[in-house]
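Residue numbers (our numbering), protein chains in the order written: chain A, 1 to 237; chain B, 1001 to 1353.
These aren't lab readings, by the way, just hints derived from the structure by calculation.
It cannot be assumed that every hint is accurate.
What the hints assert, rightly or not - Computed, partial: chain A to chain B, Cβ under 7 angstroms:
#, residue
1, Pro72
2, His73
3, Val76
4, Arg77
5, Gln82
6, Arg88
7, Phe90
8, Arg92
9, Glu97
10, Met101
11, Gly102
12, Phe104
13, Thr105
Small disclaimer: the values here were computed from a predicted structure and weren't measured.
Glycine residues also receive a C-beta, built at the ideal position from the N, C-alpha and C atoms.
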Amino acid sequence: MAMLEIRDIHTYYGNIHALKGISVEVERGEIVTIIGANGAGKSTLLKTASGILRPRSGSIRLEGRELTRLAPHEVVREGIVQVPEGRRIFGRLTVLENLDMGAFTCSDRRRNAANLERVFTLFPRLKERSRQVAGTLSGGEQQMLAMGRALMANPKILLMDEPSMGLAPVLVDGIFETIRRLNEAGTTILLVEQNARMALQVARRGYVLQSGSILFSDAAAPLAENEMVRKAYLGEH
Amino acid sequence: MARLTRRKLTPTDIVMWTIGAILIALILWGSIATLARGAYSLDHWIDFTIFGLAQGSIYALIAMGYTMVYGVLRMINFAHSEVFMSGPYTAYYVAAYFYRSGLLEAHPVLSMTMVFLVSMAVSTLIAYLLEMIAYRPLRSAPRLVPLITAIGASFFLQYVFRGLYGSGFQAYPVIRALEGPMYIGPVRILKFQLLVIFAAALLMIALYQFTQRTRLGRALRSVSEDKEAAALMGVDVDRMISMTFMIGGAAAGAAGVLYAIMFKQVHFFMGFIPGLKAFTAAVLGGIGNIPGAMLGGIFLGLVESIGPSLFLDGLGITAPYQLKDAIAFTMLVLVLIFRPTGILGERLAVKKA
Ligand SMILES: Nc1ncnc2c1ncn2[C@@H]1O[C@H](COP(=O)(O)OP(=O)(O)OP(=O)(O)O)[C@@H](O)[C@H]1O
Ligand SMILES: [Mg+2]
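Between the sequences and the hints, there should be enough to build the whole structure, so can you do that?
As structure tokens, then:
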């Protein structure tokens, strides 16, 4: 049984049918990517999985537990943690306060201290700037903070919404390298990306999302070779 | 990050700035004339200042509620005046009972603590119910809707309390221990004013420390920045909003008793003017900003207390003290002309960009 099971989800904005029966599975220890163009419904899917949006039908299960009707703050406690699109760090809080917010659901001090140590090892830059107000960080540093903050919440699975968005190419490499390292250290990741090339390099499997439906899914390597994917998402002709 | 485009000077700006300049010129002229005439002694000015500090601390405490609610919901809770009134008005009956039974004389500290607790509890409860019943169902409605509801709720509460306790003024019992002056060095200060300043300062410091140093305070700040991101961190946003209203309510309930100690009466309409002043104070300080609300409240209290004598006396206006409300709102106009975001406010437009 897959760790995360998203079954036949239908999500609406008013009467706009944004997700039209989506099913996605993620096994423990995998990186799975969802690629798709602007407006395909990638963020909508992650928001539904996090409980921010209520699906009209379908189900979301983590390790067999039904989470479909939970509020977002309850979903986090179950172990689904999201790094939202656009980073959404708390700009007026310090770096350290942002990380403490990540640990909001966990009151085990020793565990929080260990997590903090881990985040600082992963992103030494954040340690240097821990007393700085987060709004003054650069885009790349803010993305590190967003990821670090999510790691503080002890995720069983990390949902990442376009972590490379708006970053310079050098930084993009660094972000994907971090994703790979996190995964090697045992974190399961569902990665939403428009940067299909990079995403398919780190992921084991991928789904192609278009206008609210899954077009097809496959292992990452064949997907990267797929004619249609190459044309539509890898910019090859 | 913030692109600084030079703002074009519109005719409205020119008119506003001219009005602002005239007001400032009048204030300066009046002040110089007053000081030149020397009609007031140093002791007078000290008295005005202390009274202003006491009055301003009360405004500041009430302003906490406006500014914190604005911080999390971006709405002005105009029924906050009534949250402020409900506590001390209810606690009046407790105070009156203690007075009749002699407990107030025998154990002033204990009985006043009880009065404070009752007032804070009632105001907290009213603020909580207000949010649950009147505002929560309208969370996703257009911004005008909760504003109108707030005004409706304000009238509703006024008339409920008038129905409950009557429409007359109730004289708050005098606390003997707080009567008369005391001296700090050469400065003479009325005991109850000292209590008001001291208690308000203590509460505001506690509140500020709560928001800055505690886990819940941090969550509160994160909710006021980005509700969805806060929820993704595991924060129950609805609970934090409830808590914000309750904290604002508790502060208003405490402010209400301080107000009753200072002016020795309560009334179902007593919230209106202090509420309006506290709202002004919150805007003066930069709405959404907690230290700003403290500063705005104290500034407003001082201006109201010193201003009439200082600005108006020199202009030959008789009975200047009648015009203290006009001075308070003139300050609001001035700040809004020259610094629309308030004294400590951030430029919201730039921050969003
Ligand atoms: N709040 C909303 N109200 C109405 N429609 C929305 C809302 N948010 C998204 N949509 C619509 O739902 C569809 C899917 O949007 P979504 O944000 O999930 O796309 P996305 O794949 O994440 O795109 P991007 O790559 O630009 O982030 C789009 O057509 C969008 O216009
Ligand atoms: Mg998106």
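The hints, checked one at a time:
1. Pro72: holds (4 angstroms)
2. His73: Status holds, d = 5 angstroms.
3. Val76: Nearest chain B Cβ about 4 angstroms off; hint holds.
4. Arg77: With a minimum Cβ separation of about 6 angstroms from chain B (threshold 7 angstroms), the hint on arginine 77/A holds.
5. Gln82: With a minimum Cβ separation of about 5 angstroms from chain B (threshold 7 angstroms), the hint on glutamine 82/A holds.
6. Arg88: holds (4 angstroms)
7. Phe90: holds (5 angstroms)
8. Arg92: holds (6 angstroms)
9. Glu97: With Cβ-Cβ at 6 angstroms, under 7 angstroms, it holds.
10. Met101: Status holds, d = 5 angstroms.
11. Gly102: Holds: closest Cβ of chain B sits about 6 angstroms from glycine 102/A, inside 7 angstroms.
12. Phe104: holds (5 angstroms)
13. Thr105: holds (4 angstroms)
The earlier numbered hints are all upheld by this structure, with none contradicted.
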